[in-house]
Every structure is written in C-alpha cells, then in structure tokens.
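Student: Each chain, letter by letter, is given below.
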Amino acid sequence: MGKEVIEVQSLRKDFKSHSSRSGLKGAFRDLFTRNYKVISAVKDISFTVNEGEMVGYIGENGAGKSTSIKMLTGILTPTSGTVRVNGMDPHKEREKFVRSIGVVFGQRSQLWWDIAVQESFRLLKKVYNVPDDVYNEHMNHVIESLDIGPLLDKPVRKLSLGQRMRCELAAALLHNPKLLFLDEPTIGLDVLVKLKIRNFLKEINEKYKTTILLTTHDLTDIEALCERVVMLDEGQIIYDGKLAKLRSNWGEGKQIEFQFGENVTGDELQPLLKELDAEWTPGDRPNVYVANVVNEEHVISEVIGRVVAAHRITDIKIHEISTEEIIRNIYEEGMLNG
Amino acid sequence: MGKYIEMIRIRFLMMLAYRTNYYSGILIYSINIGAYYFLWSAIYGDKGEIEGLSVIQMTTYIAVAWMARAFYFNNIDREIAQEIKEGKVAVEFIRPYHYLMMKTMQGLGEGIFRLSFFSIPGMFIVSLIFPIEFSAAASTWLFFMVAIILSFIVNTQINLLTGVLTFFFFNNDGLIRAKRVVIDLFSGLLLPISFYPGWAQSVMDFLPFQAISYIPSMIFTEGFKGSAVYEALLFQVIWAAILIIPIQALWIIAKKQLIVQGG
Chain D
1 MGKEVIEVQS
11 LRKDFKSHSS
21 RSGLKGAFRD
31 LFTRNYKVIS
41 AVKDISFTVN
51 EGEMVGYIGE
61 NGAGKSTSIK
71 MLTGILTPTS
81 GTVRVNGMDP
91 HKEREKFVRS
101 IGVVFGQRSQ
111 LWWDIAVQES
121 FRLLKKVYNV
131 PDDVYNEHMN
141 HVIESLDIGP
151 LLDKPVRKLS
161 LGQRMRCELA
171 AALLHNPKLL
181 FLDEPTIGLD
191 VLVKLKIRNF
201 LKEINEKYKT
211 TILLTTHDLT
221 DIEALCERVV
231 MLDEGQIIYD
241 GKLAKLRSNW
251 GEGKQIEFQF
261 GENVTGDELQ
271 PLLKELDAEW
281 TPGDRPNVYV
291 ANVVNEEHVI
301 SEVIGRVVAA
311 HRITDIKIHE
321 ISTEEIIRNI
331 YEEGMLNG
Chain P
1 MGKYIEMIRI
11 RFLMMLAYRT
21 NYYSGILIYS
31 INIGAYYFLW
41 SAIYGDKGEI
51 EGLSVIQMTT
61 YIAVAWMARA
71 FYFNNIDREI
81 AQEIKEGKVA
91 VEFIRPYHYL
101 MMKTMQGLGE
111 GIFRLSFFSI
121 PGMFIVSLIF
131 PIEFSAAAST
141 WLFFMVAIIL
151 SFIVNTQINL
161 LTGVLTFFFF
171 NNDGLIRAKR
181 VVIDLFSGLL
191 LPISFYPGWA
201 QSVMDFLPFQ
211 AISYIPSMIF
221 TEGFKGSAVY
231 EALLFQVIWA
241 AILIIPIQAL
251 WIIAKKQLIV
261 QGG
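Those protein sequence lines, which keep their order, are chains D and P.
When the letters of the first sequence are read in order and numbered with the working numbering, they come out as residues 1 to 338.
When the letters of the second sequence are read in order and numbered with the working numbering, they come out as residues 1 to 263.
Hints may be right or wrong, so weigh each one.
[Unchecked claim] Under the rule of at most 30 Å between Cα atoms (straight-line distance), these lysine-lysine pairs were calculated in the DSS-like manner:
| id | chain 1 | residue 1 | chain 2 | residue 2 |
| --- | --- | --- | --- | --- |
| 1 | P | K88 | D | K154 |
| 2 | P | K255 | D | K37 |
| 3 | D | K37 | D | K92 |
| 4 | D | K37 | D | K96 |
| 5 | D | K126 | P | K225 |
| 6 | P | K88 | D | K43 |
| 7 | D | K202 | P | K255 |
| 8 | P | K85 | D | K37 |
| 9 | P | K255 | P | K179 |
| 10 | P | K3 | D | K178 |
| 11 | P | K88 | D | K16 |
| 12 | P | K225 | D | K158 |
| 13 | P | K47 | P | K255 |
| 14 | D | K158 | P | K3 |
Honestly, the hints are just simulated from the structure, not real lab data.
Start from the sequences and build out the full structure, keeping to the hints where you can.
Tutor: This is the structure in structure tokens:
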C-alpha cells in the first residue's frame with residue numbers, strides 16, 4: 001500500500017468535568033469547592049490510514065469518534081500519545097497543516113450564513129490562496145458533479161439541508177486537500193442527495209487519490225464507500241479491518257419473516273423449532289414472526305416446511321442479517337475477538 | 001493579507017444583508033445626539049463655558065463622540081462568545097488564519113461600513129439641525145483620523161479580551177454587559193473625562209478607556225492643543241501595544257484547554 005497519511009499512536013484524551021452535589025447544601029458547597037471527575041473520551045487508540053483509503057469510523061454516540069476526529073484535525077490537543085497527519089503534527093503546525101485537509105461537520109455549517117454561497121467560496125479561495133486557473137478547473141468540475149450551480153447566488157440560510165450539505169462539501173474540497181474528514185455528512189439527508197454525495201466521494205477518491213475518513217451512523221454510507229472500518233466503543237478500538245470480514249464473522253445466519261394468515265401466538269409457534277438451531281422473535285406487525293436461523297440449507301428448509309405445514313401464511317421473506325444488526329450485536333455483546 | 005481584506009468585504013456584504021439594523025441604527029443615534037444636545041444646552045444655561053469647553057464645543061463633542069462610536073463600536077465580543085458557546089469555533093480552528101485577527105477584520109469591515117454609510121451622512125444631517133463647529137485645520141482632521149483608528153484598535157482589543165474570556169467562563173453575558181457600561185461611562189462618550197472629579201481623572205489615566213472616545217472627540221473639538229495632542233495619541237499607542245499581551249496570553253491558554261461544546 002501507499003504511504004501513511006494518518007498515524008495515530010496510543011492517543012488519549014481526558015476531560016475534566018465537575019459533578020454537582022445534590023440539594024441546596026450541596027449547591028452552596030459547590031460555590032467554594034467543586035468535585036472534579038476525569039473522564040477519558042479516547043483511551044490509547046492506535047491506527048494508521050494509507051493514502052487513497054476510504055475508512056469508515058463508526059461507534060455509538062459518545063464512543064469517542066468526534067473527539068478523536070477533533071484531535072486529528074488539530075482542534076483539540078491530545079492528553080497523551082502522538083498524532084501525525086500528512087506528515088505533520090496537527091497542533092504544532094496548525095496553519096500549514098489545515099491547508100492540507102478538508103473537513104465537513106454535518107452538524108455545523110462552515111459557510112457564512114447570511115451571504116451567497118459564491119461569496120463564501122470566494123473568501124475561502126483567498127484564505128487558501130488557490131490560484132484562479134486551478135480554482136476554475138477544479139471547482140467547475142466539483143460544482144457540476146454536485147449540481148450546485150443554481151445555488152451559488154443564494155444565501156446559505158435559504159438553502160435546504162441537502163442543498164447546504166452539497167455546498168459544504170464543495171467548500172471543504174475547494175483547495176483540493178489530500179485528506180478529507182467527514183463527520184456525519186449525510187445526517188438527515190434524503191436518499192437521492194445521499195447517492196449523489198456518495199458517487200461524488202467515490203469519484204474524487206479515484207481521481208485525486210483523496211484519503212477519506214468518514215464517521216456516520218448510517219451504515220449504508222459505510223457499505224457503499226468503505227472497504228475498511230474502524231469501530232470504537234467506550235473510547236477504544238474494538239475492530240479495525242475489512243468490512244467484508246466483519247460481515248462474514250458476524251453475519252452468519254438468516255432471518256425468515258412469516259406473515260400468518262391467522263392469529264398465532266408465540267407459544268403456539270415455539271414447538272415448531274424444536275431441535276433446530278433457530279429461535280423466534282416477534283415481528284413489527286401483528287401476526288408477523290421472524291425465525292432467526294443459522295445459514296444452513298437443511299435448517300432453512302426444515303423451518304419453512306414445518307411452519308407452512310402447521311399454519312396458513314400470506315407472505316414469507318428471507319433476509320440476510322444487515323450490517324446494522326451486526327454492529328448492534330457487537331455493541332450489545334461487547335468486545336470482538338476477531 | 002488578501003484573505004483579511006476579503007473578510008472586510010464579506011462583512012460589508014453581511015451588513016448590507018441586514019438593512020433594518022442599519023436604518024434603526026441611524027434613528028437611535030439621532031435620538032441620542034438630540035437628547036444629549038438638549039441636556040447639555042440646559043446645563044450650560046447662559047454660562048459661556050464649563051471646564052474649558054464652550055457650549056458649541058460640547059455639542060460638537062457629543063455629535064463626534066457618537067459618530068466615532070459608529071466606527072469603533074462592534075459586537076465581536078458577543079460574536080466570539082456565541083461562537084464558543086455553540087461550538088462553531090471548531091470550524092475556525094480548521095482554517096489557515098488567525099481567528100482573532102479575522103474577527104478584528106470583521107469588526108473593521110463593520111466599522112468602515114458604518115463610517116461611510118452612516119457617520120458621514122449622519123454628521124452632515126446633524127450639522128444642519130444643531131450648531132456644530134468643524135475645524136478648518138487639516139492637521140486636526142489628520143490627527144482625528146489617526147485617533148479614531150487607534151480607538152478602533154483599543155476598543156476591539158478590549159472586545160477580543162472579553163470574548164476570549166468565554167473560553168474560561170463558558171457563559172459571560174454579564175461580563176460583556178458590564179464591559180459595555182464601563183466603556184460608555186469611562187471612555188468619555190457620555191461625559192468628557194475633564195468633567196470627572198480630580199481623583200477619578202487620575203484613576204482613569206491608568207485605564208485604557210479614554211483612548212476609545214475621549215481622545216478622538218477632544219482632538220476633533222480642539223479641546224486638546226499643541227503637545228496635548230501628541231501626548232493623547234501616545235497614550236492610545238501605548239495602550240494598543242500593552243493590550244496585545246493579555247490577549248495573546250489568554251489565546252494561547254484557551255487553545256490548549258479548548259473544549260468544543262455541543263458534540
């Protein structure tokens with residue numbers, strides 16, 4: 001593989017937070033002395049990312065994703081450990097460093113709210129010292145692929161979320177950075193906009209070998225874009241590897257969803273799965289039950305055979321376990337040894 | 001440097017985007033100048049002069065003080081506080097510029113906007129209604145220009161200082177409000193410093209506030225003459241230099257212990 005773009009070694013971030021004492025008496029005591037608690041948001045994580053990789057960075061809320069991204073972009077100082085991004089220390093050489101990265105925070109805008117999008121672009125062009133010819137060639141392409149041409153003369157506050165997000169992405173790529181951090185870029189967007197953004201990201205990744213680190217709660221983004229995932233839980237990396245491998249280790253098994261044509265209860269169905277490696281879970285509608293089975297031919301056929309013989313059904317669907325469920329299982333069961 | 005000039009332009013555009021603010025500003029300033037004019041006319045009665053200022057000088061002082069305020073006044077302390085509270089400051093840290101410098105430039109853009117679309121036409125209108133004396137000497141105008149640029153710098157530095165303190169207090173609305181009252185009172189906007197009792201005047205000699213309003217207004221009304229003008233300008237320059245130190249110090253500490261609020 002190519003050269004390393006991100007190198008993180010035993011990175012740690014502790015936050016000091018004060019806890020309030022309870023009651024009126026406690027509130028008075030808080031005026032003079034406060035109780036401090038040290039919370040580790042990120043606990044000694046290490047990983048590397050190579051040039052041109054698209055890495056999905058996933059974890060539950062509060063797992064430490066945003067904190068580690070903020071350390072990688074130089075916004076926060078690490079408590080301990082070393083970070084080298086694009087061969088620089090993000091905090092020490094901040095001004096030089098930030099020229100080599102692009103960042104999109106899905107939850108906060110980096111365009112100027114009251115002025116037209118093109119004015120923001122013009123300012124950023126000056127800020128990053130992009131020469132006219134480079135700017136024109138690169139941005140014309142970006143504007144066209146993201147289809148934001150008609151939005152350029154509108155103030156940001158008049159754009160819809162999807163329109164704004166596409167403009168944010170264009171703004172982050174204005175100086176054509178080698179490395180792009182995307183913090184929940186598709187939050188709250190509709191399917192079409194999501195697709196457009198994904199295709200665009202794929203395209204720039206191929207064209208410029210841009211390295212992309214993506215955090216999201218929408219696993220379909222990860223499935224569409226990333227080969228590799230880094231999974232965080234309680235500030236530690238619990239999985240770092242190929243998404244495909246994650247699926248094959250954890251995705252064994254299928255779900256068979258039955259829609260019954262008559263009223264059934266869980267107790268009635270229970271005996272049907274006797275001596276089989278399978279179990280029932282109630283579906284999301286009345287008279288729908290899902291059989292979770294191992295991914296083996298004879299078990300699947302046997303379950304379907306027994307159910308169909310015993311009850312009348314109106315519909316049947318077979319699902320593979322989705323990545324979302326795999327991730328949920330991992331979080332619920334804790335650490336992963338693979 | 002290009003980026004900082006571009007920022008001034010952007011701020012200009014933003015001011016234009018909020019026209020209502022602009023019109024209501026003109027109204028508020030006119031009311032203020034009018035009210036002070038009548039107040040001071042009543043105080044003067046038929047006295048020729050108080051504390052070395054004639055009634056016409058006093059009216060000019062008030063009008064100039066308010067018009068200069070339109071130039072040096074800005075809300076960047078409030079903006080910094082808000083950006084810190086909302087966590088927007090994170091975005092500013094991923095830009096290759098100095099955040100405080102950029103904020104200063106925004107303040108300057110705002111100042112230039114108000115000076116050209118507000119103070120100058122406003123001054124013209126006010127001079128039609130109230131008796132105001134403009135100096136004919138080119139040197140007075142030149143010194144006045146230097147003085148209001150310096151008063152912009154000192155006022156902006158105090159705003160930056162108050163704004164950056166949000167990093168440490170998280171919520172400092174009270175401080176910002178207090179600062180505003182202190183500046184209006186001690187800068188000589190409401191009352192020339194020479195009207196304060198002697199002990200208060202000597203205390204204020206050790207504070208930066210009179211650099212903001214008193215000095216430019218006194219220069220304009222020719223209340224300062226000869227070497228007093230140079231001393232006053234030197235006072236402003238010294239404070240502009242001194243204030244850099246706490247701002248830089250606080251900024252470095254703030255960056256180290258920055259906690260981005262809200263996600």
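Student: What's the verdict on P/K88 and D/K16, does the C-alpha distance respect the 30 Å limit or exceed it?
Tutor: 21 Å, holds
Student: Is it true that the CA of D/K158 sits at most 30 Å from the CA of P/K3?
Tutor: 25 Å, holds
Student: Mind checking the alpha carbons of D/K126 and P/K225 for me, to see if they're no more than 30 Å apart?
Tutor: 44 Å, violated
Student: Taken at face value, is the distance from the CA of D/K158 to the CA of P/K225 at most 30 Å?
Tutor: 54 Å, violated
Student: Assess, step by step, whether the Cα of D/K37 is no farther than 30 Å from the Cα of D/K92, and give holds or violated.
Tutor: 28 Å, holds
Student: Hinted pair, alpha-carbon criterion (30 Å max): P/K47, P/K255. Please report holds or violated.
Tutor: Violated, at roughly 56 Å.
Student: Next pair to validate is D/K37 with D/K96; report whether the Cα-Cα distance is within 30 Å.
Tutor: Violated, because 35 Å separates the two Cα atoms, which is more than 30 Å.
Student: Is the hinted pair P/K255 and D/K37 satisfied, with a Cα-Cα distance of at most 30 Å?
Tutor: 21 Å, holds
Student: Can the restraint linking P/K88 and D/K154 be considered satisfied, given a maximum Cα separation of 30 Å?
Tutor: With a Cα-Cα distance of about 22 Å, the restraint between P/K88 and D/K154 holds, given a limit of 30 Å.
Student: Holds or violated: are the alpha carbons of P/K255 and P/K179 at most 30 Å from each other?
Tutor: 23 Å, holds
Student: Tell me if the straight-line CA distance from P/K85 to D/K37 falls inside 30 Å.
Tutor: Since the Cα atoms of P/K85 and D/K37 sit roughly 22 Å apart, the hinted pair holds (cutoff 30 Å).
Student: Between P/K3 and D/K178, is the straight-line Cα distance small enough, at 30 Å or below?
Tutor: Answer holds: P/K3 to D/K178 is near 22 Å, not above 30 Å.
Consistency with the previously given hints fails for numbers 4, 5, 7, 12, 13, ordered from lowest to highest.
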